[in-house]
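Using the hints, put the two chains back together into the complex; each one sits in its own frame.
Chains as they are written, first to last, in our numbering: chain A, 1 to 95; chain B, 1 to 339.
Derived by calculation from the structure, the hints in this document are not laboratory data.
All C-beta atoms in this analysis are idealised placements derived from N, C-alpha and C, irrespective of residue type, glycine included.
Honestly, I wouldn't trust all of these hints.
Pair ranges (Cβ atoms, derived) [to be verified]:
id, chain 1, residue 1, chain 2, residue 2, range
1, A, F51, B, F174, 35 to 45 Å
2, A, E18, B, G102, 47 to 57 Å
3, B, E285, A, F51, 18 to 28 Å
4, B, R292, A, D64, 27 to 37 Å
5, A, L25, B, K109, 52 to 62 Å
6, B, L35, A, E18, 50 to 60 Å
7, B, R198, A, A82, 20 to 30 Å
8, B, R101, A, T9, 49 to 59 Å
9, B, G102, A, T9, 36 to 46 Å
10, A, T9, B, R210, 22 to 32 Å
11, B, A121, A, M59, 49 to 59 Å
12, A, D64, B, W195, 17 to 27 Å
On the chain B side, residues computed to face chain A include the following (Cβ under 10 Å) [as the list claims (entries may be wrong)]:
id, residue
13, R198
14, A205
15, V208
16, R230
17, L253
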Amino acid sequence: MLEVTHLETVINDYISRELVQEPALLPLGNATPLLETGVLDSLTLLRLVLFVRERFGIMVDDVDVVPEHFASVDAICAYVRARVESSADQAGSRG
Amino acid sequence: MGKTAANAASSAGGLLRRAEFVAYWLAVAPLAACLPPRLAYRVACWRGDWSFRYRAGKRAETVRNLRQVLCDELGPDEAERMARDFFRMMACVAIDVMRLRGRARSLRKLVEIRGREHLDAALAGGRGAILCSPHLGSYDSAFCLLHAIGYPVTTIGRNAVGLKWGPSSAEQRFWNLVYTRRLLRHRQRPNIEPWPGRVQVAVQAEAVLRANEVVTICSDAPPLDADRARAIEVTFLGRRARLLPGVVTLARLTGAPVLMISVHRLADYRHQVLEISPPVPMGGETATAFGRCVAAMDAAIRTRPADWVYWADTDHLVTFGLLPAAPSAGTEQIYVHSA
Numbered sequence: 001m002l003e004v005t006h007l008e009t010v011i012n013d014y015i016s017r018e019l020v021q022e023p024a025l026l027p028l029g030n031a032t033p034l035l036e037t038g039v040l041d042s043l044t045l046l047r048l049v050l051f052v053r054e055r056f057g058i059m060v061d062d063v064d065v066v067p068e069h070f071a072s073v074d075a076i077c078a079y080v081r082a083r084v085e086s087s088a089d090q091a092g093s094r095g
Numbered sequence: 001m002g003k004t005a006a007n008a009a010s011s012a013g014g015l016l017r018r019a020e021f022v023a024y025w026l027a028v029a030p031l032a033a034c035l036p037p038r039l040a041y042r043v044a045c046w047r048g049d050w051s052f053r054y055r056a057g058k059r060a061e062t063v064r065n066l067r068q069v070l071c072d073e074l075g076p077d078e079a080e081r082m083a084r085d086f087f088r089m090m091a092c093v094a095i096d097v098m099r100l101r102g103r104a105r106s107l108r109k110l111v112e113i114r115g116r117e118h119l120d121a122a123l124a125g126g127r128g129a130i131l132c133s134p135h136l137g138s139y140d141s142a143f144c145l146l147h148a149i150g151y152p153v154t155t156i157g158r159n160a161v162g163l164k165w166g167p168s169s170a171e172q173r174f175w176n177l178v179y180t181r182r183l184l185r186h187r188q189r190p191n192i193e194p195w196p197g198r199v200q201v202a203v204q205a206e207a208v209l210r211a212n213e214v215v216t217i218c219s220d221a222p223p224l225d226a227d228r229a230r231a232i233e234v235t236f237l238g239r240r241a242r243l244l245p246g247v248v249t250l251a252r253l254t255g256a257p258v259l260m261i262s263v264h265r266l267a268d269y270r271h272q273v274l275e276i277s278p279p280v281p282m283g284g285e286t287a288t289a290f291g292r293c294v295a296a297m298d299a300a301i302r303t304r305p306a307d308w309v310y311w312a313d314t315d316h317l318v319t320f321g322l323l324p325a326a327p328s329a330g331t332e333q334i335y336v337h338s339a
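Okay, chain B solo, but in the shape it has when bound (with noise of 0.2 Å):
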């Protein structure tokens, strides 16, 4: 009988959280969006405040993942601190999101980019330019930000690989149409997706950086089953952790730069800075080429940690090797942007 009561008392939360959360994206962020600035991210603050205290389970994983993996620097006052920065974060990027309308004006306000000579140079070359990025608070909005400003810019990444509830058709219509759809207006091209057995994704992308175009890549995500193989060891977050390198492949093969870029909000939420390194030296072996544009990410996560994407998803921060493998917790279904 309690079991039963039990069961019945997660569902109804679940559905409530999804409601909640199909709330947020489909009628309280776009119309957050529209205020002024100071109060659209105040609305997603307390969006974030709510979920920190309502969603127990993912907030009790959140802490703990971010004490396991940043042990060292983290005591258990700052880790919730910090949980609750992340679950605000998440709610901010909707915001952000919502500001792409238009020629992203109303975000573009908000947000400093510094570094733009270094992507000017690195075109002027000739071969385009690689932007590699940790998955960072608004990164994909960033990547906007950039097309926007007049940098025609294509993205490799899947869009619907943090769908753990799985690829319902309802659920990806609803996140193409929150979110997706809103991003892809601001891309010179369609995604190019790396699903398993998808072998043109690198000649794509080498077409992009043939035409001196942009090619973004988010090199910390975590590598599927049938990439496993291909993934090296590296520094990641003082640990271990398996990555892959193919954007130093896709660098040598094709002569193009490769600069990591960054974004970071601000402690009022609502201004970002997005910061665009000079190139990453690709000379040595790959392992070595690549473990320079990880220590770039692992920078860039450390000078804002709440804001990586990954801190309430046990299971990719075991796919990664940050985490030992354990039992499921029984996670909540989640979009891993979205907490």
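Chain A on its own, in the form it takes in the complex (with noise of 0.2 Å):
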């Protein structure tokens, strides 16, 4: 299980470094709406989801990406964490 803090704080730093172009909304709060102030757009929220898939080993489906689930650092660690335990649940019915 992800440890609540360190996704956050993993999920916030990929997005400050690599993707927030406007050095006013630095420090990046967890809160702070990302598709309103155009942190992500239709190209940096690719860049984010392929960077979830990497990081954490879940599929991001194409129909989970709706505004939701991106429009915060706090909305995308909800939606990872969710999906990790899909992902850890269905494991173990199989197992």
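Okay, structure coming up:
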């Protein structure tokens, strides 16, 4: 299970380092809206999805790419956590 | 009094144009497409010549835009001839779309595909392929043809972007009926439409490429207001234009190769050549890599400039940066693909 603060830190660090173009948005709050502030657009969101896939080993379905799941660092973490848990449940039921 | 009469004549002219447009797409083109190709495309050329003759405003706008953008290489007579070819090409597009019926066999017989081996080699790499095209001639039907011969094609593009008369639901439904619906039958997945706020577009495209399928994208689209900040300046048609380099970013993030594709109508109007290039190198700065794509689109357009769909649309040419901003000349309501 991913640790709560660790996940927030990893996601926030990645977005702050790789995706934020506007220095005024730094340091990035976990509740800062990422879509309205322009931090995430279609292509930067793809970068984030590829990072999440590689870092946490979860597949992000394109149908899951809706604003609610990527509105802020908190929302992203909630989504990632839910995906990790559902993957673990599936693995458990298979085992 | 004179002004009232002029307004009445103008709105009557607008109604007539619309009626002709509806009749052509709903009845004439579907019937003509059933004729032998020589006759079918002759009918389209007649319709193009009729539009060229009677739509004086749109004709003047097209000639003016051609001369302003291609000023160094175009005399007045040649601009007139090119404008007539433009109207003919737009009418031929309707016949092409109608000939997509079934497995598009009747259109396939008229289109020679060159460079298919490049697409096969790209897909053998297992990361899908991005086909990048200018809005040239029957580019949409060309994508359909590739799907019809076995390539799983999905398009990134906005279906309604050309509707300058606004998204009235009746007009939108009409356009879907005569045009969009026929194209979507030849797509692997629904169109990926990059409207503002649709943040899932690139992820959807990545899913297509991850499945080792083909994504098509026209990279000479004028940027929407919401996207202007992402546009970069490139040399295009001899001028500095602002275009979106999304194709390069998508290719770099997914590892998918970018191949340029263009379709050209031959002088007999019924035969076409669809050319697929080897992969474009994606090295260097984004502007450098995208510059290679733009250079290829530029070269394709210059091969047959009349086939570029934007000549009749001053607003779009201004958005590109190809024409200086000027007060609107009261342009007719028109769909960009169907002058």
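Q. Okay, A:E18 versus B:G102 on CB: inside 47 to 57 Å?
A. Check passed, 48 Å falls within 47 to 57 Å.
For this session: With respect to the beta-carbon atoms only, verify the hint that A:F51 and B:F174 lie 35 to 45 Å apart.
Result: holds, 44 Å
TODO: Using 10 Å as the Cβ threshold, decide whether B:L253 counts as touching chain A.
DONE: B:L253 check passes; min Cβ-Cβ to chain A is 6 Å, inside 10 Å.
Point to revise | Interface hint compliance - B:R198 to chain A, C-beta minimum distance less than 10 Å | key: B:R198 check passes; min Cβ-Cβ to chain A is 7 Å, inside 10 Å.
| Between B:L35 and A:E18, is the Cβ distance one that fits in 50 to 60 Å? | holds, 57 Å
Q | Restraint outcome when B:A205 is required to lie within 10 Å of chain A by C-beta distance | A | holds, 8 Å
Q.
Taking the Cβ atom of B:G102 and the Cβ atom of A:T9, is their distance within the range 36 to 46 Å?
A. With Cβ atoms ~57 Å apart, the hint is violated.
Taking 52 to 62 Å as the hint, is the beta-carbon distance of A:L25 and B:K109 inside that range?
Because 57 Å falls inside the window, the suggested range holds.
### Status of the hint placing B:V208 at chain A (closest C-beta pair under 10 Å)
holds, 9 Å
ask   = Is 18 to 28 Å a correct range for the gap between the Cβ atoms of B:E285 and A:F51?
value = holds, 22 Å
Q | Residue hint B:R230, partner chain A, criterion CB-CB below 10 Å | A | holds, 7 Å
>> The hint says 20 to 30 Å between B:R198 and A:A82; measuring C-beta to C-beta, is that right?
In response: holds, 23 Å
Figure legend: structure checked against the earlier numbered hints; hints not met, in rising order: 9, 11.
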